[in-house]
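Residue numbers (full-length UniProt numbering): 1 to 121.
It should be emphasised that the hints constitute simulated quantities derived from the structure, not laboratory data. Please read all numbers here as calculations on a predicted model, not as lab measurements. There could be a bad hint or two in this list.
Here are the simulated DSS-like cross-link-like pairs (lysine-lysine), alpha carbons at most 27 Å apart as the crow flies [as the list claims (entries may be wrong)]:
1) 74 with 95
2) 95 with 118
3) 55 with 30
4) 34 with 15
5) 34 with 55
6) 30 with 15
7) 95 with 114
8) 70 with 118
9) 95 with 78
10) 70 with 55
11) 78 with 55
12) 70 with 34
13) 78 with 30
14) 70 with 38
15) 55 with 74
16) 55 with 38
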Amino acid sequence: DIDECSTNPCQHNCKNTAGSFQCSCNVGYKVDPKDSTKCLDVDECTTNPCQQNCKNTAGSFQCSCNIGYKVDPKDLTKCLDIDECTTNPCQQNCKNTAGSFQCSCGVGYRVDPKDLTKCLG
């Protein structure tokens with residue numbers, strides 16, 4: 001039996017078999033049904049693996065988060081709320097909300113309608 005894989009007929013991986021060969025693809029790819037020697041990228045985003053946004057990449061995918069959230073370093077498919085109040089954006093009081101924050105003012109003051117982070121006396 002000759003080694004049919006010696007001519008590199010497969011795009012990714014080749015396994016020599018008795019009188020023939022069999023192609024397989026790397027993770028993130030599938031065998032092209034029209035040409036079994038070629039591999040097609042699998043669009044992992046079709047299964048919604050990300051909590052918020054998914055971008056298909058060659059052989060993989062990448063998750064991203066909406067404004068006010070960040071990717072969870074412990075689980076790259078999940079998003080964590082950013083506590084904007086830790087950067088003291090408000091002149092007086094700050095309340096963290098899901099994906100955002102809200103400023104408020106103490107007694108005798110009101111939020112400036114032109115700049116919602118400032119207070120007017």
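Okay, the hints, checked on the actual structure:
{"no.": "1", "hint": "74 with 95", "in the structure": "holds (26 Å)"}
{"no.": "2", "hint": "95 with 118", "in the structure": "holds (14 Å)"}
{"no.": "3", "hint": "55 with 30", "in the structure": "holds (18 Å)"}
{"no.": "4", "hint": "34 with 15", "in the structure": "holds (19 Å)"}
{"no.": "5", "hint": "34 with 55", "in the structure": "holds (26 Å)"}
{"no.": "6", "hint": "30 with 15", "in the structure": "holds (16 Å)"}
{"no.": "7", "hint": "95 with 114", "in the structure": "holds (19 Å)"}
{"no.": "8", "hint": "70 with 118", "in the structure": "holds (26 Å)"}
{"no.": "9", "hint": "95 with 78", "in the structure": "holds (23 Å)"}
{"no.": "10", "hint": "70 with 55", "in the structure": "holds (15 Å)"}
{"no.": "11", "hint": "78 with 55", "in the structure": "holds (14 Å)"}
{"no.": "12", "hint": "70 with 34", "in the structure": "violated (41 Å)"}
{"no.": "13", "hint": "78 with 30", "in the structure": "holds (26 Å)"}
{"no.": "14", "hint": "70 with 38", "in the structure": "violated (37 Å)"}
{"no.": "15", "hint": "55 with 74", "in the structure": "holds (19 Å)"}
{"no.": "16", "hint": "55 with 38", "in the structure": "holds (23 Å)"}
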